[in-house]
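Chemist: Could you build all of it, start to finish, from the sequences and the hints given here?
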Amino acid sequence: MKNELRIYNSYKGKKETFKPIHEGQVGMYVCGPTVYSDVHLGNCRSFTSFDVIYRYLMYLGYKVRYVRNITDVGHLEGDADTGREDKISKKARLEQLEPMEVVQQYMNGFHDMMKVFNLLPPNIEPRATGHIPEQIEMVQTIIDNGLAYEKNGSVYFNTLKFAERDGVYGKLSGRKIDDLVAESRADLKNQSEKNHPSDFAIWIKAAPEHLMHWHSPWSEGFPGWHLECSVMSTKYLGETFDIHGGGTDLKFPHHENEVAQSYGACGCAPANYWIHGNMLLMNGRKMSKSDGNTIMPEELFSGGSSHISKGYSPMSVRFFMMQTHYRSTLDLTDGALQAAEKGYRRLMEGNKLLQGMQHPGNGNVGDLDKEINGLIDQAFADMSDDFNTPKALASIFELVTKVNSLKGGQLSFGEITVETLQRMQQTFTDFIFNIFGLLDEDIDVSGSGVVDELMALVLDMRQQARTDKNWGTSDKIRDALKAMNIQVKDGKDGATWSKE
RNA sequence: GGUCGGUUGGCCGAGUGGCUAGGCAGAGGUCUGCAAAACCUCGUACGGCGGUUCGAAUCCGCCACCGACCUCCA
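Numbering-wise, the first sequence is residues 225 to 724 according to this note's numbering.
Worth flagging that the hints you see were computed from the coordinates, not collected in a lab.
It is possible that some hints are incorrect.
Below, simulated DSS-like cross-link-like pairs (lysine-lysine); rule was C-alpha separation at most 30 Å, straight line [to be verified]:
#, residue 1, residue 2
1, 615, 243
2, 576, 566
3, 339, 459
4, 429, 513
5, 576, 594
6, 510, 534
7, 385, 375
8, 236, 385
9, 287, 385
10, 700, 566
11, 631, 716
12, 459, 239
13, 395, 510
14, 459, 238
Modeler: Next up, the structure:
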């Protein structure tokens with residue numbers, strides 16, 4: 225069941241049918257992290273959103289080249305009054321480390337966390353410092369094309385000239401160049417090096433105390449933050465590629481400036497589709513490194529934060545994210561996490577039941593059969609409608625109810641065909657594991673299978689006690705298991721168990 | 001101040017001009033040795049005020065509140 229894929233294109237402000245540049249192939253660039261501190265959960269949400277997009281594109285059969293960069297130079301501190309210091313450089317100075325040590329440390333941490341949340345690695349993960357010559361080259365090209373100028377060793381992009389020439393500047397973020405002048409902060413206006421307040425640096429002359437700098441025709445310096453993405457996306461995906469992604473907070477100025485740089489270098493738009501993921505909130509406010517309103521993934525897992533009452537597993541959190549559309553803000557609350565944790569378990573238990581089902585082989589096409597196939601079709605249609613994970617999940621949960629009813633005997637296998645059962649099994653595998661990227665955390669608990677065998681033995685002994693009406697013994701076993709967070713479920717065909 | 005977006009039942013969170021979102025919590029019931037689990041039923045929500053319409057929570061206008069961006073951020 226493959227539907228036409230519709231994607232909300234932020235550049236156009238509407239949903240469009242997705243048509244890749246090359247049939248069957250997708251080039252996707254997503255802005256990665258600046259590795260100067262530990263990833264927080266907001267970062268994780270954004271990258272998880274794009275992980276699902278990546279997974280679904282592959283599920284649809286596209287050959288995807290997914291590029292996600294590591295920013296390891298050029299990202300300046302925001303406070304212009306205290307000088308413009310590179311974030312990595314500053315961290316290195318404060319911690320008395322080599323800048324590359326800082327980068328390595330936090331990049332490792334980032335990768336570990338991506339693995340914990342079960343994100344697929346990108347196909348290419350380029351680093352800004354590995355592309356200095358290409359960045360210098362692009363700066364020169366933009367100068368040659370008349371859209372950048374050099375001042376005291378730094379090079380600035382001429383936004384005014386670009387706006388007048390192409391009329392594109394501000395289109396992505398919905399800004400007008402006149403407004404940008406008026407809105408610019410007073411201290412920016414005082415930066416006399418710039419011809420125009422909205423101009424931005426593409427090459428920056430390094431201050432004497434700056435640790436990271438390279439030779440260039442203009443100065444001993446380092447590239448501007450926006451430049452790296454233009455350079456690396458061009459290098460690995462071409463001058464114009466299919467999808468450019470990132471958090472909505474990057475829309476301006478980062479993405480707007482990327483568009484400008486691409487036009488400045490090659491006269492073309494960098495990407496056909498822009499996808500922006502919305503923010504993770506906590507207490508109704510954006511989760512952000514710089515203002516301290518954050519929760520670290522480790523705190524979330526351990527429960528070691530005043531914002532939550534207990535720890536939540538990585539997959540509960542991933543499920544929590546699936547319940548919200550990527551373009552909506554998601555407010556992190558303890559209650560919502562508890563609900564997500566239970567919902568996740570219900571889903572995994574339902575899947576386990578379903579995968580263990582054998583059709584007796586006498587099914588007919590009836591209303592139930594049609595209903596189930598309709599729900600499956602609906603789930604895929606919803607995913608193809610701008611990656612609507614919460615809506616797809618709703619259909620999946622309705623199927624979970626069908627599975628439980630088949631198991632409990634409220635519904636009969638006679639009402640569905642063998643093919644439909646198999647299709648449902650395949651759909652669950654596809655959605656839960658391949659598209660949503662969830663893992664069954666219970667599998668890790670039992671590991672070698674010894675636990676399963678031991679449990680089978682225990683439940684068999686309890687069943688014997690029940691047959692003998694030895695309620696004391698059977699309840700003792702049940703209560704003891706309960707104390708170990710193992711729940712015994714008595715069904716028509718004997719007891720099963722699951723971890724709570 | 002400028003630009004954009006949001007306001008959905010106890011909580012989280014989809015969606016649509018008339019047709020059940022879903023999850024969690026709650027109430028009643030079925031099943032069960034008792035439970036649990038599961039299943040069934042139920043609450044009948046769309047910020048406020050107007051307007052368009054046969055009909056709006058869904059479209060338009062005004063108001064209120066919240067948020068994001070405008071400065072580094074996913």
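Chemist: Evaluate each hint against the coordinates.
Modeler: Right, here's what the structure says about each hint:
1. 615 x 243: The hint holds at about 23 Å.
2. 576 x 566: Holds, at roughly 15 Å.
3. 339 x 459: holds, 27 Å
4. 429 x 513: Answer holds: residue 429 to residue 513 is near 27 Å, not above 30 Å.
5. 576 x 594: holds, 23 Å
6. 510 x 534: holds, 22 Å
7. 385 x 375: Judged against 30 Å, a Cα distance of about 16 Å means the pair holds.
8. 236 x 385: It holds: about 23 Å lies between the C-alpha atoms, which stays within 30 Å.
9. 287 x 385: violated, 39 Å
10. 700 x 566: It holds: about 26 Å lies between the C-alpha atoms, which stays within 30 Å.
11. 631 x 716: Roughly 9 Å between the alpha carbons, so the hint for residue 631 and residue 716 holds.
12. 459 x 239: holds, 28 Å
13. 395 x 510: Within the cut-off at roughly 25 Å; holds.
14. 459 x 238: Holds, because 29 Å separates the two Cα atoms, which is no more than 30 Å.
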